[in-house]
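Asks: Start from chain A and add chain B with the ligands according to the hints.
Chain residues, written in single-letter form:
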Amino acid sequence: MSRNAIVAGLTVFVIVALFPFWFNIGRTNAAPEAELSAKAKAAKKCVLDKYDMRANHMSLLDEWRDTVVRDSKRVYKSANGKTFGMSLSTGEDSCMGCHVDKEKFCDKCHNYASVNPYCWECHTDPKEVANE
Amino acid sequence: MNNKRENFLNKSSRRGFLKVAGISAVAIGAAPAIKAVSIASGGGEAALPVKTAKTEALTAKRWGMVIDTNKITEEVVESVVAACRNSHNIPDFGIQPDEEKYPNTRPAKKMQEIKWIWEEHYHNAFPEMEDEFLADKFKSLPFLVTCNHCKNAPCVQACPTKATFKREDGIVIMDFHRCIGCRFCMAACPYGSRSFNFRDARPFIEKINPEFPVRSKGVVEKCNLCAERLERGLQPACVEASEGAIVVGDLEDPESEVRAILKENYAIRRKQELGTEPSVYYIM
Ligand code: SF4
Ligand code: SF4
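Top to bottom, those sequences are chains A and B. Here my numbering is used: position 53 in the first sequence is 56, and no number is missing along the way. Here my numbering is used: position 5 in the second sequence is 880, and no number is missing along the way.
Note that these hints are calculated values from the structure, not bench results. From a predicted model like this one, the values you see are computed outputs, not experimental measurements. The C-beta atom is built at its ideal place from N, Cα and C for all residues, glycine as well. Heads up, some of the hints might be wrong.
For lysine-lysine, the following DSS-like pairs were computed, each having C-alpha atoms within a straight-line distance of at most 30 Å [as the list claims (entries may be wrong)]:
id: 1; chain 1: B; residue 1: LYS1146; chain 2: A; residue 2: LYS44
id: 2; chain 1: A; residue 1: LYS53; chain 2: B; residue 2: LYS929
id: 3; chain 1: A; residue 1: LYS107; chain 2: A; residue 2: LYS48
id: 4; chain 1: B; residue 1: LYS1092; chain 2: B; residue 2: LYS984
id: 5; chain 1: B; residue 1: LYS1082; chain 2: A; residue 2: LYS107
id: 6; chain 1: A; residue 1: LYS111; chain 2: B; residue 2: LYS1092
id: 7; chain 1: A; residue 1: LYS48; chain 2: B; residue 2: LYS936
id: 8; chain 1: B; residue 1: LYS1092; chain 2: A; residue 2: LYS130
id: 9; chain 1: B; residue 1: LYS1037; chain 2: A; residue 2: LYS42
id: 10; chain 1: B; residue 1: LYS1082; chain 2: A; residue 2: LYS76
id: 11; chain 1: B; residue 1: LYS936; chain 2: B; residue 2: LYS1026
id: 12; chain 1: A; residue 1: LYS130; chain 2: B; residue 2: LYS926
id: 13; chain 1: B; residue 1: LYS1026; chain 2: A; residue 2: LYS76
id: 14; chain 1: A; residue 1: LYS130; chain 2: B; residue 2: LYS1138
id: 15; chain 1: B; residue 1: LYS929; chain 2: A; residue 2: LYS76
id: 16; chain 1: B; residue 1: LYS976; chain 2: A; residue 2: LYS76
id: 17; chain 1: B; residue 1: LYS1012; chain 2: B; residue 2: LYS1146
id: 18; chain 1: B; residue 1: LYS976; chain 2: A; residue 2: LYS80
id: 19; chain 1: B; residue 1: LYS929; chain 2: B; residue 2: LYS1041
id: 20; chain 1: A; residue 1: LYS47; chain 2: B; residue 2: LYS929
id: 21; chain 1: A; residue 1: LYS111; chain 2: B; residue 2: LYS976
id: 22; chain 1: B; residue 1: LYS926; chain 2: B; residue 2: LYS936
id: 23; chain 1: B; residue 1: LYS1012; chain 2: A; residue 2: LYS130
id: 24; chain 1: B; residue 1: LYS1037; chain 2: A; residue 2: LYS80
id: 25; chain 1: A; residue 1: LYS76; chain 2: B; residue 2: LYS1138
id: 26; chain 1: B; residue 1: LYS936; chain 2: B; residue 2: LYS1092
id: 27; chain 1: B; residue 1: LYS1026; chain 2: B; residue 2: LYS1138
id: 28; chain 1: B; residue 1: LYS1041; chain 2: A; residue 2: LYS80
id: 29; chain 1: B; residue 1: LYS976; chain 2: A; residue 2: LYS130
id: 30; chain 1: A; residue 1: LYS130; chain 2: A; residue 2: LYS107
id: 31; chain 1: B; residue 1: LYS929; chain 2: A; residue 2: LYS80
id: 32; chain 1: B; residue 1: LYS1026; chain 2: A; residue 2: LYS47
Computed list of chain B residues with no C-beta within reach of chain A, every gap over 10 Å [said to hold, decoys possible]:
id: 33; residue: ALA928
id: 34; residue: HIS996
id: 35; residue: LYS1138
Okay, chain B solo, but in the shape it has when bound:
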């Protein structure tokens, strides 16, 4: 008798336990869903953080650049290159590093350079268009070349880590955090627009601009169309320094300034035959 009752009790408690366990399992499983519903209906505790672009940011469907070669002089080239250098902490390996701050810095090799925008001769900028009877003016004219932010960018396809990528607005930009320095992109770019950091650049930066980071040894860098300035509603540094020779704008907006200029003038792009669809135009 006693034995039977005990058995019964045992049984019932086991059943009870299983019941409770089953219900709690369901409850635990449902908790996130309940929570989500309560948040969605405004019952959540704190407001969630919001990430936005700046309201003053300049935007475009596809950014492009027009360079008026008639307005480019040696002085313009110099101030454009300097403006870009200063705003992006690009090292100048020609300078003598500060002995006190950077003692025992290895002197730079002659060939070393980091270029975002630089001067090039016509026959290097447009090698396929060289001609025996080329107009004299092109033989001496300085050309400014930079990353073309190609519509069909081979560097983006080559990058194995997606450190180089194309933004929705057409800017081909780099995530320096992700770059592993494999330099596939450099091999892929037909314009030599990319430079590799073989060494710490800090000793060779005359004055560090706190508005932009420097780069570490082992990453590739190139023009970013001043994405950080466009964000703040400012024109790219080169445009500001160019005295009207460089204009950037939306290539896909028929009303934009760049489109108006392209409608009026004969403009060419570099190595068009390669199919990279550069977004930088040169008015001849």
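In isolation and in its complexed conformation, chain A is listed as follows:
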């Protein structure tokens, strides 16, 4: 009697615990590809190379903001020889100066990875400014 109850309970538990797995069987949830703007494509080289950028852009931005605010240095000559303004959103040589489409570039992956960076509470999206 109690054996049956235990087995039933266990079965229910296993089914519930594995819910995320069986629920997603047969579905595809391909990772989105960030879309490069024409300008970014034409520029060819970013601050770091693609994979490094993908993995480490947040640390780079963190380092940049300290350098700009604390050391008043705003120019970044990258190891690949290109020069950038150390800014997320201000100026043609900033991140958003090249990656003009926040939705297709930043948000795509951030939404997929369910991260919600608060950069945008202060930093402006080029589109938002253009719509003014």
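Replies: Quick look at chain B with the ligands alone, frame taken from chain A:
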């Protein structure tokens, strides 16, 4: 016999193993040092990134400001305040937010304001110098007040997160990223130079300037002496709009324009008795 040999082999292999292990441990430990030496001697792979200030940047040992009160009129005040507002995305809670873009925005309270540079009466700007027989001209004159970038800034001492700090060139500036909104700095500043963002400012900014970020709810803000413009070799926005009434320059350089003006004129500072050593001078 056989047994002995096996024992011997075992022993020797163990010894061998320990030897190899010991040498590799030393090698692994030394690797960073070797690498560092090879980089230092020019053997490193890629060039390292270089961070610099812009070549055109305006610099000073200690930035200061001189305001000529004789040249300040209502029009000058208006254009100075507007220039600062526009270049730093300072909200104006007097405007009606765009219904389409910001639907259901709570109307602003009357008392709310964010100030970087603003107009003040003499008796508020210089309360300790009020006098029964004050010259008439001061009773009506508009005074422009802002952060004094105090040499001995109490706001810097009060800030628990070092979000407010003093740069080497004397500018007292904020790292908005670090501000936790505790408002200790506001309590510490004897000049009311700081404002707190009680709400999202975006609906109340008429036209967002992409050259400067806006601020998020919950941070304090104040004048930054246009550090971002000085970097680009430009004069502060207020100086440009002031028709010569405001001059900034190096207080520690005897040859600078501000020093020349101070040598020629009688100038006072706000609440000097507090010992904060303001860097903003008023020519009377
Ligand atoms: S005026 Fe106020 S905010 Fe500015 S440096 Fe002095 S104490 Fe700090
Ligand atoms: S409100 Fe921000 S800037 Fe002011 S003391 Fe607190 S953390 Fe520092």
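Asks: A separate judgement is required for each hint: does it hold in the structure or not?
Replies: Quick rundown of the hints versus the structure:
Annotation: proposed proximity of LYS1146(B) to LYS44(A) is violated, straight-line Cα distance about 56 Å (limit 30 Å). Note on LYS53(A) and LYS929(B): the hinted pairing holds, with a Cα-Cα distance of about 27 Å set against a maximum of 30 Å. A threshold of 30 Å between alpha carbons decides the hint, and for LYS107(A) with LYS48(A) the separation of about 19 Å falls inside it, so the pair holds. Between LYS1092(B) and LYS984(B) the CA atoms are separated by roughly 15 Å; this keeps the pair inside 30 Å, and the hint holds.
The suggested pairing of LYS1082(B) with LYS107(A) holds, with an alpha-carbon distance near 24 Å, which does not exceed 30 Å. Annotation: proposed proximity of LYS111(A) to LYS1092(B) holds, straight-line Cα distance about 25 Å (limit 30 Å). Proximity of LYS48(A) to LYS936(B) is assessed by CA-CA distance (about 38 Å); at most 30 Å being required, the pair is judged violated. For the hint linking LYS1092(B) to LYS130(A), the alpha-carbon distance of about 21 Å falls within 30 Å, and the restraint holds.
Pair hint LYS1037(B) plus LYS42(A) does not hold up; C-alpha atoms about 38 Å apart against a cutoff of 30 Å. Distance hint between LYS1082(B) and LYS76(A) is fulfilled; the C-alpha atoms sit about 28 Å from each other, no more than 30 Å. In summary, the hint linking LYS936(B) to LYS1026(B) is supported, as the alpha carbons are separated by about 12 Å, within the 30 Å threshold. Distance check on the hinted pair: LYS130(A) and LYS926(B) sit about 29 Å apart at the alpha-carbon level, within 30 Å; holds.
The hinted pair formed by LYS1026(B) and LYS76(A) meets the criterion: a straight-line CA distance of about 22 Å does not exceed 30 Å. With a C-alpha separation of about 50 Å, the suggested pair LYS130(A) and LYS1138(B) falls outside the 30 Å cut-off, and the hint is violated. For the hint pairing LYS929(B) with LYS76(A), the CA-to-CA distance comes to about 7 Å; that is within 30 Å, so the pair holds. A hinted pair counts as satisfied when its Cα atoms are at most 30 Å apart, and LYS976(B) with LYS76(A) does not qualify at roughly 36 Å.
For the hint linking LYS1012(B) to LYS1146(B), the alpha-carbon distance of about 20 Å falls within 30 Å, and the restraint holds. The straight-line distance between the Cα atoms of LYS976(B) and LYS80(A) is roughly 38 Å, outside the 30 Å bound, and the hint therefore fails. Distance restraint check for LYS929(B) and LYS1041(B): the Cα-Cα separation of roughly 20 Å lies within the 30 Å cut-off, and the hinted pair is therefore satisfied. A distance of roughly 24 Å separates the Cα atoms of LYS47(A) and LYS929(B); the hinted pair therefore holds under the 30 Å criterion.
Restraint check: the Cα-Cα separation between LYS111(A) and LYS976(B) comes to about 23 Å, which is no more than 30 Å; the hinted pair holds. With a C-alpha separation of about 21 Å, the suggested pair LYS926(B) and LYS936(B) falls inside the 30 Å cut-off, and the hint holds. Straight-line distance between C-alpha atoms of LYS1012(B) and LYS130(A) comes to about 49 Å, which puts the hinted pair past the 30 Å bound. For the hint linking LYS1037(B) to LYS80(A), the alpha-carbon distance of about 28 Å falls within 30 Å, and the restraint holds.
Restraint check: the Cα-Cα separation between LYS76(A) and LYS1138(B) comes to about 33 Å, which exceeds 30 Å; the hinted pair is violated. Pair hint LYS936(B) plus LYS1092(B) does not hold up; C-alpha atoms about 34 Å apart against a cutoff of 30 Å. For the hint pairing LYS1026(B) with LYS1138(B), the CA-to-CA distance comes to about 20 Å; that is within 30 Å, so the pair holds. Distance hint between LYS1041(B) and LYS80(A) is fulfilled; the C-alpha atoms sit about 26 Å from each other, no more than 30 Å.
Our distance criterion of 30 Å between C-alpha atoms is met by LYS976(B) and LYS130(A), whose separation comes to about 13 Å. A C-alpha spacing of about 12 Å is found between LYS130(A) and LYS107(A), which places the hinted pair at or below 30 Å, so the restraint holds. Restraint check for LYS929(B) and LYS80(A): the C-alpha separation of about 11 Å stays at or below 30 Å, so the hint holds. For the proposed pair LYS1026(B) and LYS47(A), the alpha carbon gap of about 47 Å is over 30 Å, so the pair is violated.
For ALA928(B), the requirement that its beta carbon stay farther than 10 Å from each beta carbon of chain A is not met, with the minimum near 5 Å. In this structure HIS996(B) is separated from chain A by more than 10 Å, as the shortest Cβ-Cβ distance comes to about 33 Å. At roughly 29 Å, the least C-beta separation between LYS1138(B) and chain A is larger than 10 Å, which holds for a residue marked as non-interface.
In summary, the structure is inconsistent with hints 1, 7, 9, 14, 16, 18, 23, 25, 26, 32 and 33 from the numbered list given earlier, while agreeing with the others.
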